[in-house]
Each structure stands twice: as C-alpha cells, then as structure tokens.
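Enquirer: Sequence order for the protein chains is A and B.
Residue numbering for the first sequence follows our numbering, beginning at 1 and increasing consecutively.
Residue numbering for the second sequence follows our numbering, beginning at 1001 and increasing consecutively.
Each hint should be verified, as a subset may be incorrect.
Claimed, not checked - When the alpha-carbon atoms are kept at most 30 Å apart in a straight line, the in silico DSSO-like pairs for lysine-lysine are as follows: (1) Lys1355(B) x Lys91(A); (2) Lys1091(B) x Lys1061(B); (3) Lys1091(B) x Lys355(A); (4) Lys91(A) x Lys61(A).
As the list claims (entries may be wrong) - Residues of chain B placed beyond 10 Å of chain A at every Cβ, according to the derived structure: (5) Ala1049; (6) Asn1081; (7) Ala1143; (8) Ala1343.
Calculated directly from the structure, the hints in this document are not laboratory data.
The beta-carbon is built from N, C-alpha and C at its ideal position, and this holds for glycine as well.
Protein chains: 2
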Amino acid sequence: MSTVQVETPGGAYPIHVAAGRLDALAQSIPGDATAIAIVTNPTVAAHYAGRVEQALARTGKRVLRIELPDGEAHKDWRTLNLIFDSLLQNKLDRKAVLLALGGGVVGDICGFAAASYMRGIRFIQVPTTLLAQVDSSVGGKTAINHPLGKNMIGAFYQPLAVEIDTDVLATLPAREVSAGLAEVIKHGLIIDAEFFAWCERNAAALRALDPQAITYAIQRSCELKAQVVSQDERESGLRAILNFGHTFGHAIESGMGYGQWLHGEAVGCGMVQAAELSALTLGLPAESVERVRALVQAIGCPIQPPDLGTERWIDLMQVDKKTEGGQLRFVLLPEIGQARLQAAPLDDVRRALEKTVAPAAA
Amino acid sequence: MSTVQVETPGGAYPIHVAAGRLDALAQSIPGDATAIAIVTNPTVAAHYAGRVEQALARTGKRVLRIELPDGEAHKDWRTLNLIFDSLLQNKLDRKAVLLALGGGVVGDICGFAAASYMRGIRFIQVPTTLLAQVDSSVGGKTAINHPLGKNMIGAFYQPLAVEIDTDVLATLPAREVSAGLAEVIKHGLIIDAEFFAWCERNAAALRALDPQAITYAIQRSCELKAQVVSQDERESGLRAILNFGHTFGHAIESGMGYGQWLHGEAVGCGMVQAAELSALTLGLPAESVERVRALVQAIGCPIQPPDLGTERWIDLMQVDKKTEGGQLRFVLLPEIGQARLQAAPLDDVRRALEKTVAPAAA
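Bound-form chain A, shown alone (with noise of 0.2 Å):
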C-alpha cells in the first residue's frame, strides 16, 4: 500500500492507494464514532456496498445506507436534502461518520453533508472512479451546483482519510476512464513536465486500466495535488492553478446541460482551449498546444467544444469563481509543467473561442 499524507490548517489526513483497499475499511473509522451511513448511488452500491458493509461490520458499529439518485444533474439541494433527511430520521449525533462510497458527485455532496450536518461531522472519502480518486476526493473541497454555476454552493472541509481502492476501476466504463485520465494529464501539465511526458508515453496502457501504469497515475496525480493544497487549502493563490481547463470546462457543463459531458471530458476539451489561449495571452509554443491537443485526445476526451456563441461561452465563464470584479481570470501556461491565474484579454478569449469551438450543425 503507498500512502500520500496531505497536510492543511484545515486537518492533515493519509491518503491510501492499493487494491482490495475496501476489505480494510474498518480500519478508518474512529473508536468514538456513534455510526456510520455510507453515501452511495445505486450503480456503485450495486457493485461494492455489501462488500463495504461486511467490512465495516467489523467496527461493531450500527452502519446505515443512504442511496443518492446517479448523476451530476443530481448534484443539487433536493440530493443533498435526502441525506440531512436520513441522518436526521436515524437520529444520527456529532459523532457519527460518513463514508462517501462513489464518484465525484457523491464525494462532494456527502463532504458538503459531513461539512454542514449539526455544523460539521467527520467524513471519509472511499472514490469508485478515477476522477475521484486522483482529484475530487483530495483536498477538501466539497460542494453542490445552482442552476446558474458548478460548485457555487459548498465548503473547505477535509475528510478523516481519502481510501482508493485501485480494483474498483475494472468495473468503470471506459468513458469514465477518459474522463479521469484527463485530470490525471492536467496535473503534469501544471507541475510536472515529466510527469506529462510520462502520461504521453504511458497513455495506451493508461487507457487500457494496466494496473502498474494506472497505480502510478493515480499516487503521482494525489502527491502533485497533495503538494498544491497543502501550500494553498482555501485556494487563496496557488491552488487555483488545480483549475487549469476548468473555466472553459465549467462552461461546457453548464451550456450544454449538467450531465451531458462528464467534468472531466469537459475538462479534458477545456485544457485544449486554455493551452489555444496560453498560445496567445503567453506565448506557449504552437507545439506544446498540440502536444495537449494529441494526449487529451489520445486518452479519449473530445477536443472539440461545442458551439455555444461567443457571447454566451463569456457570460457562462463570468460566473467562474475566479472571476474578480467583473474581470474574467484564467490559469494558463507560459509553458508545460508551470501554470499561472491571470486576467486574460477579452480579444485572446474570442480568439481561443474562434479557433477551438466548432460551428454549430446545419
């Protein structure tokens, strides 16, 4: 087992990486937690619940099921409701535990229940995708959607410790896969030259789940995110550079509909337009953009974003977080492996705009 420690005013907590890492989950839970509800979707519970409650069976501790409806376009109030509803029905104290069993969604919903509940209860990250397990599961960052922005709604709250059993990703579908590649490629394009000509290197077996390959991935991706928010937990600087692609990302999922792309296929096709946008705000050579373009698409995201209209792609990047005083901020690359937020012009963005974004069909 490798364990990547994250360190944050906020808590510091271990991250575990290996396989059959479910059976141990036991191990997780505090001696004085009252009980724990496991935060779920059906598809996942389908797959791993039973296997989750035999193990936690061994705590000795009343262990519960709260099943959330599937799906990115459930990320909101009425979801995170039926949570508050459950603990609230089982009587569930302080001391009780939430264990998030699931993707991203059920990651960041059940961290904003553990984060809000009777004002804040412990919690546990157990991902069941790629994408959580090498970003949304590692830092603290919890949240659910309004209608009008991704994420807009949530809290800084770190878990007890993030579990990632590496076996679970046989059961994901390929496009899943993509989409977490995706976040796993941002991280060397931000930090890590190297590690970005490793994944380019790497990206068949990546995609084709080899396990020595994926498990590197996955522990690299956590310590260059790991390193990030322990330098920066409430993303009052440096942690913003995590959001590479993101804005042009957020917009995609946004235009088209939550649920449509998944985050990190919308991610993957935003970092192609953040790098077309380094190329002009600057400077990033015309062969780097291209050699973001091939891997993004080599892991199998789409690179092509859809035709929003311009004007529309603006107003929904507007309502991005890094967004100060009107004035729209990107994180751009001056080159591979080093990433900066800056106020890009608006010139540059219409002209990423134009070169990436295909015209609507006829």
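Since chain A is already given, all that's left is putting chain B on it; use the hints.
Expert: The following block gives chain B in isolation, referenced to the frame of chain A:
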C-alpha cells in the same frame, strides 16, 4: 463606543456597541471588497435599510439589498436559496461581503450563506433585535432549520465584525425585548452569578429599555459569550453551556411549529425547566429554581411550557445536537453562576416535565 474582542481559531473580530453605529458601517467594509449585499427582511428594511445603504454609499462600492421573508418559519433551504439566487444573478464574486441586517434568523441564514457561497465569503453581523445582539450574532454559529430539528444544518463561521447599534431597539416589539432578555440572564446563570443578581435588580429597567441598563447588559452578555466562544469555538466542550435552557426550548419551538414561540421565549421557559431538572439531578436548591422562575417571569417570558405529551417531549429532545449515542444530555446548574453538560436520568427528565408542563386545555 465599547468594543469586545472575540478570538477564535476561525478568526478574531471586534464587537462594537454604540448608539448610532448604523451610520458608521462604512468603517467595517474591507478596502478590497468588490461589492456589498445587505441581507435583511421587509420589517427591518422598512426601518433601517435606507439608512444603512446611505452609510455604505460612502465606500463607493456597489451595494445590493436582498430581502428575505420574515420569521423563524422561513429559516430554511428555500430562503437560503433566495440569497444564492441573488448573489449569482448579480455575479457577486469571492471578494464580495455580505451584511446581515436583522435579527437571529437573518443573521443565521446570512452567516450560513456566507460560509457556503463559493465555499466561503466574508460577512458582517448587524443585529437589530436584542436577542441577536446579546447572543446569536456573536460566536460564529450559523444555521438553518430542518423539519426534523432546529439549526441542524449550518457551519461554524466567524464574521468580520459585529456592529451593534443600541438605538435600533426603540422599534423592537416588547415581546422581542423579553425574548432577548432571556438570553441575557442565561449568561448570568451559567457563568456570572453577580451579573444574574444585577439583572434581578434591574429587571424593570431592562424591560423598559433604559439606555444605560440595556447598554451594560448587551456589553456584559457579549463579553461573557466571547469568553466562552474564545475557549471553544466548535462546541467540543465548554461552549455547550451556552445552550442552557435550549434542549427544552428547542423542543418547544419544534413541537409547536417554528415561529409560534419566539426563540428567546422558548429558551426562557426552557431555563425554568432546566433549573427544575438541575434540582432533581444536581441538587440545585429549590430557592434558586424559584429565582430563575421569578426572573424569567419578571422579564416577561412565559414560564409554563406547552403540553406536548411526555413521550413527544423526549422524542423532540433526542434530536438535540448534544445527544450522544442516544443518551439525553443537558446543560445543568449545580448552583447559579455555574453550568455543566451532563447526561440526566430519564426518570429525572420525566419528573421535571411533569413539574413544569401545563396540562392541555380540556
């Protein structure tokens, strides 16, 4: 102007108490704020929103007003979402500042909105009821209600400042003055026997809002509360004593339907019940119980709880956040001026209920 300083791990901030403080609010707005949203309700807005907007105009910043429906019955998701809707429609960013202008309901909802909007933005408490001035605006507890329990969803989130204008009490209904005074005497009961005795001597002056008496009562209440909160921001121990009277009080509010009893009225009555329970469980002298009852009555709060039926009473109290592993815990007084959190035998709880609860009208 008197200033009380609150120091917590989540933030240090001043409480300013002065007549006419509303007109000086521009002083509290940070220079880098991109916009200010005043969160209030129509009742308070009719009296003070114009004046506050005028005071804030001096900052030269954009000022929005968000009016929420009035009353505890609206302290829910729906109302919270009105704030998010408005903040997003108006594209307020992470550097915007919320200003809670109103009583405890406005302060609690606005505080939770600030804690959750884009995972946390800054806010200022401008409490306009006595209860909010002496209690809910201080200490960083924010929350909304759930149909199954009061304040069940929220966050510990500290404001930038608490700005108390004693002049605003002039427009407060007498019933709300009484409700606020319940929390004032609570602070004496749990930590400061001398202040409790001072309240006994000044009960009439306090009800009449004598400027000198009420200013001292507010300042002393804030000091006492700040002492407790500074030692235990997240209610892991000591802070629980601030909930004296609240386990019974919350059951009244929830059992009768939120909004029927004012929170302070329920707490006032709940303190009489908690004093009775203290006599049974900790041997609080009968004469002390009578002093509590007499002062609660003297400040104009009800002393006779509603007959919800003993089992429903107990059921409602079990949802309380102090419950642990299903055991009822109460803040009890060994003597006036001292408090501790402890489990009470169910028999004592039943007897305390029998001794205080009014039989239902035939």
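Enquirer: For each hint, tell me whether it holds in the structure or not.
Expert: The hints, checked one at a time:
no.	hint	verdict
1	Lys1355(B) x Lys91(A)	holds, 27 Å
2	Lys1091(B) x Lys1061(B)	holds, 14 Å
3	Lys1091(B) x Lys355(A)	holds, 27 Å
4	Lys91(A) x Lys61(A)	holds, 14 Å
5	Ala1049	holds, 25 Å
6	Asn1081	violated, 7 Å
7	Ala1143	violated, 7 Å
8	Ala1343	holds, 13 Å
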